[in-house]
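Residues per chain are reported as follows:
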Amino acid sequence: MTRNHWLAGAMTFLSLLGTSAATAEPLVVYSPQGDERAVWIAEHATAAGHDVTILTAGGGELFDRILAERANPQADVVLGLIDAAMATLKAEGLFQPYVPKWADGLPEVYRDDADRMVWKFWQTPVVIAYNSDMLAQEDAPASWLELVEDRHAGKYVIGPATWQTTKTYLIGMLLRFADDGGEISDDGWDFMQRLYDNAIVVDSADAKTAAFVNKEAVIDLNWFGGVGRLADDVGYNAVMVDTEGGTPFIAEGIAITKGTDQLDDAKAFVDWFGSAEFMAAYAARFGQVPVHPDAIAAAPDSVKRNATLLRPQPIDWDVVAPRIDGWIQRIELDIK
Amino acid sequence: MTPSGMSRIPLVRSVLLVVVIWCAASFIYAPIFSVLRFAFAPEGDIGLGAIGELAGSRRVRTAIVNTLVVTGLSIITVNVIGIFQVAVLEYLRVGGRGFLRFAFLTPLIFVSVAAATGYGFVYGQTGALTRLLQSVWPALPNDWFTGTLAVVFAHTFLLTSFHFLFLRAAIRRVDYSTVEAARGLGASNMEAFARVVLPVLLPTIFATTLLVTYKSLGSFAIPSVLGGRRFDMVTELILTLNSLRRPDMAAMLSIGLGLAVILCIAAMQYVERRGSYVGGSKTPVPVERIRISSPFVNLAVHAAAYAIAVIQLIPIALVVLFSFAPARSIATEVLPSSFTLQNYVTVFSQSTAFVPLKNSLVMGASATMAGLMISLFVVNLAHRHANVGTTSLDLSFMAPWILPAPFIAIGLILTYDEPNLLVANRVLLGGFWILPIGYAVVSIPIMMRFLRAAFFSLDPALNEAAQSLGAPAFYRFLRVTVPLVLPVMILIAGMTLNVILSEYSMSAFLFNVNNKPLSIALFEGARSANPEQAAINLVYISLIMAFSLGIITLADRYGLGGGK
Chain B
1 MTRNHWLAGA MTFLSLLGTS AATAEPLVVY SPQGDERAVW IAEHATAAGH
51 DVTILTAGGG ELFDRILAER ANPQADVVLG LIDAAMATLK AEGLFQPYVP
101 KWADGLPEVY RDDADRMVWK FWQTPVVIAY NSDMLAQEDA PASWLELVED
151 RHAGKYVIGP ATWQTTKTYL IGMLLRFADD GGEISDDGWD FMQRLYDNAI
201 VVDSADAKTA AFVNKEAVID LNWFGGVGRL ADDVGYNAVM VDTEGGTPFI
251 AEGIAITKGT DQLDDAKAFV DWFGSAEFMA AYAARFGQVP VHPDAIAAAP
301 DSVKRNATLL RPQPIDWDVV APRIDGWIQR IELDIK
Chain H
1001 MTPSGMSRIP LVRSVLLVVV IWCAASFIYA PIFSVLRFAF APEGDIGLGA
1051 IGELAGSRRV RTAIVNTLVV TGLSIITVNV IGIFQVAVLE YLRVGGRGFL
1101 RFAFLTPLIF VSVAAATGYG FVYGQTGALT RLLQSVWPAL PNDWFTGTLA
1151 VVFAHTFLLT SFHFLFLRAA IRRVDYSTVE AARGLGASNM EAFARVVLPV
1201 LLPTIFATTL LVTYKSLGSF AIPSVLGGRR FDMVTELILT LNSLRRPDMA
1251 AMLSIGLGLA VILCIAAMQY VERRGSYVGG SKTPVPVERI RISSPFVNLA
1301 VHAAAYAIAV IQLIPIALVV LFSFAPARSI ATEVLPSSFT LQNYVTVFSQ
1351 STAFVPLKNS LVMGASATMA GLMISLFVVN LAHRHANVGT TSLDLSFMAP
1401 WILPAPFIAI GLILTYDEPN LLVANRVLLG GFWILPIGYA VVSIPIMMRF
1451 LRAAFFSLDP ALNEAAQSLG APAFYRFLRV TVPLVLPVMI LIAGMTLNVI
1501 LSEYSMSAFL FNVNNKPLSI ALFEGARSAN PEQAAINLVY ISLIMAFSLG
1551 IITLADRYGL GGGK
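Taken in order, these protein sequences are the chains called B and H. At position 293 of the first sequence (counting the first as 1) the number is 293 in the numbering used here, and the numbers step up by one without a gap. One gets the numbering used here by counting positions in the second sequence from 1 and adding 1000 to each.
Quick caveat, the hints were computed from the structure, so don't treat them as lab data. Treat the hints with caution; some may be incorrect.
Covered by chain B, according to a simulated footprint, are these stretches of chain H (three or more residues, beta-carbon under 8 Å) [what the hints assert, rightly or not]:
no. : stretch
1   : 1173 to 1183
2   : 1415 to 1424
3   : 1527 to 1535
Quick reminder that beta carbons are idealized off the backbone N, C-alpha and C, glycines included.
The shape of chain H in the complex, shown without the other chains:
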């Protein structure tokens, strides 16, 4: 930006610009720099000692192997289930489509630590399903649901959300006339699907596969809650190394995880770019769902679809049901025999039970507001004045998108565990605000993506009209731009708050006695032997799901998130 350009920028905007640049420097660049410094030069001299020590640790090696095995298996199982679900909903004629659609969308509302805790509640040592299975098969041990099996199973039914969102949108773009043509040439339904539909979907399948890979590599809450004894994944080891006060090893391992994730995203970008011209026709004939001719296949498809739906719905149904049951019926009954609102009353009236909910709401709301303001400012600036300066500011705030949460968390810890001039020589670690700062940093990239889309759909004529009527820039921004993107902003705020309510990765690193969030309370409650605590957990999960469902219904209505 040239000096003469600066002089024309009004005071408000220059102040904001300084604040935003300070945010980027303090909470993105400084943490990244700290991670690199501690990983490669912990004592001031450049060295790779941390790599040797990491390689020497049996538990680190096992965690890396576990992470790769779980990810490999999850890619296969999630794709099988996800593609089948999309075929059932959009390609085949299957009865009870509305019910199936609801069941298959549950991974959108049952996420992260809430879902992990829910699975633990149902399949865990004293879970209702464990006892149900034991009544059929008495030899089943109490702790059957642990390790790779449990984590891959949970991934399989919880990570299909990308298929639900993106693959469904893609199959709707398939030109049905090509399917008809193939069948006219003698292809069966399955052949037509494999030869005509699937190739069109391949780029999207590849993209969702990479998203699943990305999610699985950084999986944290699910292995922590369900993994059990001697099963760790890489994220958990980073946390352990941090608590052992080995920042160099923690930083190095988070760099390794970061590189794996960046590779995934680079591959995804490449496919996205290539995939754009593979897409369907401009004016596709909508897909007509196909009736399966063989009664045997038809029965099998129905059975499989309903089995998946039941697997996905049972944990949710039991969580909600037991949240209305007296605490004593938890872990003693398969289905509750009486109902009460007592657990909800406890959460809202007992301070120890309410504090985590309050903390998460306060931190989530402040992180969302700050994040939205920064995103709005940066996106608006980059949209109006595209130049090297604004683009690099834009990219700076997008950077956390390609870095796993533990990487950023370790960076924030290493930067702010002692007084830092960037924050007026204060120590942030151990305080209330470090966690909301972390939340904001990881939320901003998503906010910017949606806001940018909203900005590009704005009609520039409106702004020009206001300008020709003599309205100054800031006034135009407030009176023209903001009202137009306001619905999008409200939705983004809701979606972000929704994610933060059950955010685990950042929270596990940065929480402390002053700000224990909902996700950590859920995690701790999940290992409690106390039924009262379990009951409180069920209420938390139910509240989070209700909030998510509300947000997703809204988003669907306004066409956000439903497509891409």
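Here chain B stands alone, though its shape is the one from the complex:
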């Protein structure tokens, strides 16, 4: 990883010299898609003629990093951060406008017609799932608000609030207690207190897995793809709940960093990445549900089924984004 550091230094140096050599450097893409996913994306990008380096890290970490590097951006493209994170980075003035070729036909909730910066390409519900080997369907929670009932105490895990997934379901639950102005009622905070009091609270993915391995935890609050992965790792059958009141959906977006020195390459990469062809290929490989109708049409049947499996909870992320830090702070400092 030190190499990246020197690479970045070398790039800065070359671009200062103003030589054309700078454009020969690969496009730097920041993405939370880990391990084989990042490798797979990079391989296909290379095959399509894009010279890219993908830097992967946790979503929260990447978000912090992009903010920290704001005056000296290292990324040319940011890919895969979720609605709230992309909205905040946009509000901080870190992106530049570009309307990708695949914007045509994209449903309105995934577009950015006002600022023309952030475009969503696939969506993921954050769900309640349960270990059906240990819990009968009638004993599982039927809604997010039911989680605080005593019968579920000690059976579900809450991860760090810095995780995108955790943040999303916490926000989803709090929003049910919001008034028209977006203020959360006292009932909402009491609910949150009970939710934490009854939970197994962990601060790492390993500790979460351990809780399921020990069979203490049987209810998994997780993103769609993570449910199956955890169940496979631990070895149980997972069933997802189509909750009353809806499931919060998060969509991942792509944007070009303001100040990139490889604007044309970045545009070409964004056009390629969001294309129905690549989205469908990715869906076929990893089961991820794209949002563009053309991509869904080209995706395998199982993915098409997943696209309509759960009822979404309506959330206006542009309204929510500026309040999130305050809510998470209250949870971290008073409730956790």
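Given chain B's structure and the hints, the job is docking chain H onto it.
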């Protein structure tokens, strides 16, 4: 320094001087300034809003209470155990002294996150001792070893190192003839200890107590690993506030911690100064260890001494033993039934397991080298040309000694999270070098203390002789001074590297994907459910302990660290 003085300073030294002043400005003053600015004027206007918000947070209030309770209890328990250990080793005649001495010195090699992880491994949810205790007492819950109990217990047996180092040295300075005189006047052994020996030791006991207070207030790795759910200490909250992107609150809380620590150190300085004339006689008769006359007391003392030794040795023994055991026997066996070198092979051959070790060695070595060069330059300068300029340079580099690591870490983050002219308009946060810089800043004060001691013991005649033979200053420095302090420098380098290998406080704030150090890998591994990861952790801890033991044996041989 006057302009005419400057002109006589050779080029090399003026360049070095500029570099060293830049280091002080960039990595000590700028971070301190940033902390103060963010704490008291985050938006540009002076205000104390952060204090109100901190006071309003339930978790911050609990953390402060926890920190004070843990510190209060630790002071008592560490003193009881520490003083008893010193009495057993130096005052009473107890069988198996060599064994006890080894057991009682283990807090010197089993430190910080390595020790915390080791305790977690043994007493934690699936630990060998937890299962052993459960076989006797089935009602014991899996997570019995958490919270105040776990942290104070760990402190009690891990923070006695100051007693081992300083109190033993002090008791050796007690004049035995005074003890004999007291007994001649009819005092019992215990009375003689309480009335004659203890008063002489009191200043040292007070100083070690303050060191324990200082360590406990800033305790970080131990509560993080062992504290469990809803148990935080102040250092952990500073990290949380930082991750919540509330630099103002993090800075304010670290100032609070800093003030508490500074108070401790000021008190310590005061006692040290007063204590100097309380000390023993100039030509003391060495203490003869006393045979305990009552068989009952004798038995009790032996039992207690061996019980403490066993408590201190068991975690270490189990860690080392299981590091040679197959991963599957971890968390399933109380003692391993077969042995293998596989875990060691994994650490050195598998890149993911080796990278943290490599990172820590690279960062530790660079921080040690840079720190030593700065310390050598500053101490040499202050030693030769004592004036306002050199003294303030010297004091500048000593400043981090009275500031807790989270304070400096927050300062470095706030100063270098955006391009800063001090470092050619670069962003250091998120890069590789910010952590080694932090390591160097906190290591320099200790290096300077030892180097200064070495310089003061130099014979000035040697330098004068070289000067009268016509050797220029830089040449004299290289050919006379450096060879004389070289053994000390090598030892200091080893000791610093040893500390950095398991350094947690700085690391937790400043590490990132580019430089994840050993201590963070240990911390993350400690919460893994994967036995392979636990096995790798045990190898890390064993390697750190082996390295420490080597350094301490060397230091003892050269008379460094054994006394004061």
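Inset, instruction - State whether the coverage of the stretch 1415 to 1424 of chain H by chain B holds or is violated, taking the criterion as 3 or more residues with Cβ-Cβ distances under 8 Å. - result: holds (count 3)
Legend entry - Check of the stretch 1173 to 1183 of chain H against chain B for coverage (Cβ-Cβ below 8 Å, three residues minimum): violated (count 0)
Inset, instruction - Tell me if chain B covers the stretch 1527 to 1535 of chain H under the three-residue, 8 Å CB rule, please? - result: Result for this restraint: holds, n = 5.
Checked against the numbered hints above, the structure violates only hint 1.
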